[in-house]
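There are 6 protein chains.
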Amino acid sequence: MGTVPLLSDEEVSAEALAVFEDIRAVRGTDFINNFWRALAHDPVTLKATWERLKKVMGSGALDPLVKEMLYVAVSTANGCSYCVHSHTAAAKARGMTAEQHGELLAVIGMAMQTNGLVTGLQVDVDEVFRA
Amino acid sequence: MGTVPLLSDEEVSAEALAVFEDIRAVRGTDFINNFWRALAHDPVTLKATWERLKKVMGSGALDPLVKEMLYVAVSTANGCSYCVHSHTAAAKARGMTAEQHGELLAVIGMAMQTNGLVTGLQVDVDEVFRA
Amino acid sequence: MGTVPLLSDEEVSAEALAVFEDIRAVRGTDFINNFWRALAHDPVTLKATWERLKKVMGSGALDPLVKEMLYVAVSTANGCSYCVHSHTAAAKARGMTAEQHGELLAVIGMAMQTNGLVTGLQVDVDEVFRA
Amino acid sequence: MGTVPLLSDEEVSAEALAVFEDIRAVRGTDFINNFWRALAHDPVTLKATWERLKKVMGSGALDPLVKEMLYVAVSTANGCSYCVHSHTAAAKARGMTAEQHGELLAVIGMAMQTNGLVTGLQVDVDEVFRA
Amino acid sequence: MGTVPLLSDEEVSAEALAVFEDIRAVRGTDFINNFWRALAHDPVTLKATWERLKKVMGSGALDPLVKEMLYVAVSTANGCSYCVHSHTAAAKARGMTAEQHGELLAVIGMAMQTNGLVTGLQVDVDEVFRA
Amino acid sequence: MGTVPLLSDEEVSAEALAVFEDIRAVRGTDFINNFWRALAHDPVTLKATWERLKKVMGSGALDPLVKEMLYVAVSTANGCSYCVHSHTAAAKARGMTAEQHGELLAVIGMAMQTNGLVTGLQVDVDEVFRA
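Chains as they are written, first to last, in this note's numbering: chain R, 78 to 208; chain L, 78 to 208; chain W, 78 to 208; chain C, 78 to 208; chain H, 78 to 208; chain D, 78 to 208.
Take the hints with a grain of salt, since some may be wrong.
Identical chains share a label here; the pair holds if one copy fits it or two copies do between them.
Subject to a maximum C-alpha distance of 20 Å in a straight line, what follows is the list of computed EDC-like cross-link-like pairs (lysine to aspartate or glutamate) [said to hold, decoys possible]:
{"id": "1", "residue 1": "Lys-132", "residue 2": "Glu-87"}
{"id": "2", "residue 1": "Lys-169", "residue 2": "Glu-92"}
{"id": "3", "residue 1": "Lys-124", "residue 2": "Asp-140"}
{"id": "4", "residue 1": "Lys-124", "residue 2": "Glu-176"}
{"id": "5", "residue 1": "Lys-169", "residue 2": "Asp-140"}
{"id": "6", "residue 1": "Lys-131", "residue 2": "Glu-176"}
{"id": "7", "residue 1": "Lys-169", "residue 2": "Glu-204"}
{"id": "8", "residue 1": "Lys-169", "residue 2": "Asp-86"}
{"id": "9", "residue 1": "Lys-131", "residue 2": "Glu-204"}
{"id": "10", "residue 1": "Lys-169", "residue 2": "Glu-87"}
{"id": "11", "residue 1": "Lys-169", "residue 2": "Glu-128"}
{"id": "12", "residue 1": "Lys-132", "residue 2": "Glu-176"}
{"id": "13", "residue 1": "Lys-169", "residue 2": "Asp-99"}
{"id": "14", "residue 1": "Lys-169", "residue 2": "Asp-203"}
{"id": "15", "residue 1": "Lys-131", "residue 2": "Asp-201"}
By construction, these hints were calculated from the structure, which means they are not laboratory data.
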């Protein structure tokens with residue numbers, strides 16, 4: 078268990094339940110994953126996080142699948158186990174193939190490796206890269 | 078300056094110079110950025126890194142532009158200043174628009190935020206997310 | 078289990094047992110948590126860590142509850158699951174309310190988010206912020 | 078310079094300028110720091126970030142000064158140089174004394190150290206710490 | 078379980094099986110640990126990672142035991158639980174004593190602590206340290 | 078400049094000056110690097126950090142040069158620019174050759190890469206690796 082208990086629909090506030098209902102409507106499923114059940118202890122942060130997530134992860138100039146893969150990349154670099162699991166599942170649900178998953182991981186590994194080499198070498202930024 | 082001096086074409090070994098020539102051929106430019114000039118102190122790692130990078134970042138199941146954005150995402154989470162600069166420049170060179178850049182940053186910020194919330198809450202992984 | 082077995086009171090050295098006794102006296106409980114039982118393999122580091130922790134986390138210019146919350150913040154950013162659990166429990170023991178816990182998490186999430194945005198944008202430090 | 082140019086008041090959109098004006102009103106100063114001038118390339122994220130920051134960092138169950146110190150703690154663990162500078166300056170502006178600054182840093186150092194020891198030892202979480 | 082199922086010898090491709098056989102030959106054991114069984118979904122990355130690892134971690138200017146301890150140090154700072162476990166086991170297999178393990182952890186803790194202090198203080202690099 | 082000004086010998090307290098003198102005596106040089114001049118604002122933390130560092134980094138079951146390389150590894154993973162510079166310089170002062178430096182960086186890069194792959198795959202720890 079976590080640092081707070083997970084809250085059932087019966088235990089959350091009316092404000093939090095309204096967020097749960099919107100999550101269900103947007104996602105087309107009754108399932109509410111553990112993150113939201115833990116965050117529901119603070120309905121204001123729950124609502125702010127969901128509202129922003131809904132907007133950021135929706136369609137735009139980038140494809141929603143690409144956004145889920147970016148989420149996996151950040152979460153992996155930060156070592157967030159739950160986030161890697163949940164956003165890998167979300168990427169698969171949006172059609173990520175095994176081959177794409179393999180390339181995603183290969184890019185993450187490559188970036189981690191050169192992040193380490195560059196930081197160990199303390200390479201100065203080339204002037205041409207600055208905006 | 079970094080933890081090693083940057084090496085000019087005249088200063089590197091023949092093996093390293095061959096890597097520089099391949100970088101120039103693949104990229105269609107004479108320019109060799111500082112990372113490779115620092116890494117050239119170790120021609121074996123230089124060659125291994127370049128060969129793998131060339132393969133990983135090329136066309137495949139994922140678009141090269143998507144790969145560059147994934148690279149930026151990992152590098153940002155790891156706080157690698159040089160890498161953020163160089164791969165943002167690479168993404169722009171591959172056509173990343175200002176709007177796409179904005180969405181890339183918004184997804185990174187969103188992921189960082191929920192990485193923090195999830196880790197602070199120590200949320201258990203939902204069974205449904207496990208492969 | 079971890080990378081070393083946890084040591085019982087019967088298994089630790091006399092020097093380590095003396096540290097355990099001081100932990101018990103300072104905290105007013107017989108309970109010794111797993112961190113110290115793992116660290117007891119190296120009595121010198123055990124003693125140095127406990128002595129410094131006792132001093133740093135005690136009363137001073139900052140309230141001990143504030144210090145526990147700062148500990149949670151750092152541990153969350155570093156992804157240290159054990160540390161998030163133990164110092165959230167310590168903060169609760171020092172009176173952290175559910176509302177304060179919620180605000181702590183909201184600040185952590187906010188900071189993580191802007192850390193990501195700032196690093197992705199590679200913003201130059203304003204002159205006015207430098208000491 | 079960063080990955081995007083900083084925007085002057087004359088260069089930003091009307092929506093971004095409205096956010097700048099609110100920042101000025103809330104903070105009681107004409108000064109807009111570089112973070113907002115970089116983020117202004119994406120007025121939607123600029124507005125969402127500022128609105129949430131204003132709410133999260135204001136008075137509540139935790140003191141605004143405590144919140145600024147938590148921000149410094151997270152930003153330090155994440156290695157965000159700009160963020161450490163800007164939120165240390167904010168904490169000083171809210172009255173952080175040199176002695177409090179010293180204790181803040183000592184707690185950060187202590188937490189980093191035991192984060193490392195715990196992760197290296199891979200200590201199992203004590204049952205008593207779970208919610 | 079992870080984000081992909083672990084693959085048995087019967088489930089992997091011929092190319093992946095050839096890598097498994099080389100791992101067995103080099104290590105002198107039939108045991109293939111979970112990392113390789115997960116990575117086998119992508120035989121190209123499996124092969125590239127193993128080939129590079131074999132070369133990097135072998136004898137050279139640094140002792141293989143020192144290399145395993147460096148691996149533990151990086152993995153600890155990155156919070157990679159699996160990696161800390163597997164490379165601590167590898168270091169022990171190469172003869173790391175309990176006393177050396179204790180010193181390894183003490184150095185990691187010390188480095189983490191001063192990383193935090195330095196980043197919190199934003200100390201300028203002394204000219205004399207630059208190459 | 079950092080978040081606090083660097084203090085000259087004339088500006089520090091008597092307690093801090095005594096630490097400076099011990100640093101000079103142990104290192105056999107008059108030079109005091111910026112880290113200590115920044116940390117001197119808090120003489121208690123200055124003294125505790127130096128005393129512990131002196132003990133941890135000295136001769137023991139591990140060679141001082143190995144310890145400096147471990148320090149570089151941790152500092153690189155944490156992205157601490159100052160620490161990478163200062164401990165790379167310290168390793169060179171203790172005799173690290175260019176070839177050893179190259180292997181150190183190669184191991185760091187390798188570890189970063191597999192840290193990313195393992196975390197992205199969320200590989201379960203093999204039972205055989207647990208103590």
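Tested hints:
1. Lys-132 / Glu-87: Neither way: Lys-132 and Glu-87 sit 27 Å apart in one copy and 28 Å across, limit 20 Å.
2. Lys-169 / Glu-92: neither (31 Å within a copy, 25 Å between copies)
3. Lys-124 / Asp-140: neither (24 Å within a copy, 23 Å between copies)
4. Lys-124 / Glu-176: between (35 Å within a copy, 16 Å between copies)
5. Lys-169 / Asp-140: both (14 Å within a copy, 17 Å between copies)
6. Lys-131 / Glu-176: between (27 Å within a copy, 18 Å between copies)
7. Lys-169 / Glu-204: For Lys-169 and Glu-204, the Cα distance is within 20 Å only across copies (15 Å; inside one copy 40 Å).
8. Lys-169 / Asp-86: Neither. Shortest intra-copy (27 Å) and inter-copy (25 Å) distances fail the 20 Å Cα cut-off.
9. Lys-131 / Glu-204: The answer is neither: 37 Å in one copy and 23 Å across copies each exceed 20 Å.
10. Lys-169 / Glu-87: neither (31 Å within a copy, 25 Å between copies)
11. Lys-169 / Glu-128: Neither: 23 Å inside a copy, 29 Å across copies.
12. Lys-132 / Glu-176: between (28 Å within a copy, 14 Å between copies)
13. Lys-169 / Asp-99: Answer is neither: 22 Å inside a copy and 32 Å across each miss the 20 Å cutoff.
14. Lys-169 / Asp-203: Only across copies: Lys-169 and Asp-203 sit 16 Å apart there, 38 Å inside one copy, limit 20 Å.
15. Lys-131 / Asp-201: Intra 38 Å, inter 22 Å, cutoff 20 Å: neither.
Hints 1, 2, 3, 8, 9, 10, 11, 13, 15 from the earlier list are contradicted by this structure; the remaining hints agree with it.
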